[in-house]
Amino acid sequence: MTRKALLRSLVYLSLLLACAVVLLPLLAVFLTSLKTSGEISRGSGALTLPHDWLNYHNYVTAFRAGKMLRAFWNTAFILVFSIGGTVLIGSMAAFAIDRFRFRLRRLVVALFLVGSLVPSVTTQVATFKIVDSFGMFDSRWAPIVLYMGTDIVSIYIFLQFIRGIPISLDEAARIDGANSFTIYWRIILPLLKPAIATVVIIKGITVYNDFYIPFLYMPSENLGTISTSLFRFKGPFGAHWEDISAGAILVMVPTLVVFLFLQRFIYNGFTRGATK
Amino acid sequence: MTRARVWRTVTPWLYLAVPLALLVTFTCIPVGNMIRDSFTDWDGVSPDRNYVGTRNYVELFTRPELFQVFFVSIYYLVASVVQIVLALYFATVLSFDVRFRNLFKGILFFPYLINGVAIGLVFLYFFQPHGTLDTVLGAFGVHGHHSWLGSGRVANTSLAGVSVWRFMGLNFVLFLGAIQSIPGELYEASELDGANRWQQFRHIIAPGIKPVLSLSAILAISGSLSAFEIPFIMTNGAAGTQTFVIQTVKLAFEFNKMGLASAAAVALLVIILLVTWLQRIVVPDERNDLV
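Sequence order for the protein chains is A and B. If you count the first sequence from 1, position 117 lands on 117 in UniProt numbering, and the numbers rise without skipping. If you count the second sequence from 1, position 103 lands on 103 in UniProt numbering, and the numbers rise without skipping.
Hints in this document: simulated from the structure, not taken from any laboratory. Treat each hint with caution, since some may be false.
Said to hold, decoys possible - The calculated label-pair distances, taken between Cβ atoms and stated as ranges, are:
# : chain 1 : residue 1 : chain 2 : residue 2 : range
1 : B       : E188      : A       : R101      : 30 to 38 angstroms
2 : B       : N102      : A       : L17       : 17 to 25 angstroms
3 : A       : F77       : B       : C28       : 26 to 34 angstroms
Here a beta-carbon is modelled for each residue, glycine too, at the ideal position from N, C-alpha and C.
With the hints as extra help, turn the sequences into a complete structure.
Okay, here's the thing in structure tokens:
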């Protein structure tokens, strides 16, 4: 074997090893989710195959006892409102900053810039009291407002895009008698579609996966989101790994489906979101 | 002033009203309150709070059981170095012509998208005595069961390992994107000049990804200081795995020590801002961002 071929096989070996490291923990949970509690207590090991590949009982248990339907509904509710709000707020802020020259503009920009540097984990201690004082504690509006209000990255993404839209379009519309709201709603917003797609994807995945905010702000059992319901499910089912595994898989499946269908957008979205 | 002029001055503020109100309410005011509370002995409930000077800060940096969380973040910091090196390696390898490239890319990135609680549960199972890890090790002849989440050193290493598993994909995709935006002619030219792979990496790839690399460095530092989800879900901070954020949340919401918790949060904020500022000095951004 030449040196080059050897090097090449080492590269493939490292890639296969990395894939094994990524997939093994997931595979183990998947296999366990299809086993009966009897199979597990017999101690057949985590990576043995289940007897019955179509044993969906654990999924039923996880779905019912884990209140997953409720959780999916709560998460969907929060997703729709916070994403819609973020898109509107972000695009409006970007529109005002990029298309108008007004006094204190630099101050506003600086405020957003500094805001984007403040990591929200650190401020929750104080934010909590404010949310509480609005009477939003333990309601779905707390996370919605927080997701909308503390997302400055999406303002950046919109700003970048809005700069690429020629001002001559605005001017042409203005000559035709359009006011600024018509310009925003009819011209800018439709042209921002790629930016909107980016924001929807990043925001959607972040909100779907977030644990910290719903955990702090929505302690009620019937206000569980995907994350908090799965977390609470772990408690009473502590030793029933077949049920917990099914719950974990249930939560992962939507992510996997979205990833498979929107791969390209997701890569682009995260690259853009993180570097801004 | 004519009506049209008034209208023109007001219009931008109409668009900015909601975003600014949210920014002020949920970022500016909390930061202000936090700084104020950090100098008091407030318990978070009672209406009165006494000014105590810098006592909270002194306590934070002198009481060993509070200070201990900084040692825990060292595990995560080391893990992020490992994570960046691995990401850099896989991004470089996959930027060349490799079969099944997209499949590899997808598999390496996917963990980043998975729900944190699900990851926590997956790895609780993975690290169980007689669990997945022990089974795999057994297949390679390493028998016996280990308590991977049992005590300080081993537990923190396991948890930091999970964080590498989870976040490596993001670094990898960022690096890959940066490498692929380097024009292909550069490689061809260097090949003509007889450069090998290492020289290509050293002189073409490395300078091309410098901005993303410095960004990853900040994310690594702030991420390791604010590690929360994985240790909270998997061990709840038991057995010496308490991180800075877990401790802060517990101080604030379990022990009602709002003053001390605020001081901790302010300290974390200052450290993160300092790191960001340092990065801006070390690697200045050529693209003038907003203004």
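Given the range 26 to 34 angstroms, decide if the beta-carbon distance of A/F77 to B/C28 lies inside it.
-> holds (28 angstroms)
So does B/E188 sit 30 to 38 angstroms from A/R101, Cβ to Cβ?
-> Taking Cβ atoms as reference, B/E188 and A/R101 lie about 46 angstroms apart, which means the hint is violated.
Is the gap between the beta carbons of B/N102 and A/L17 within 17 to 25 angstroms?
-> holds (19 angstroms)
In summary, the structure is inconsistent with hint 1 from the numbered list given earlier, while agreeing with all the others.
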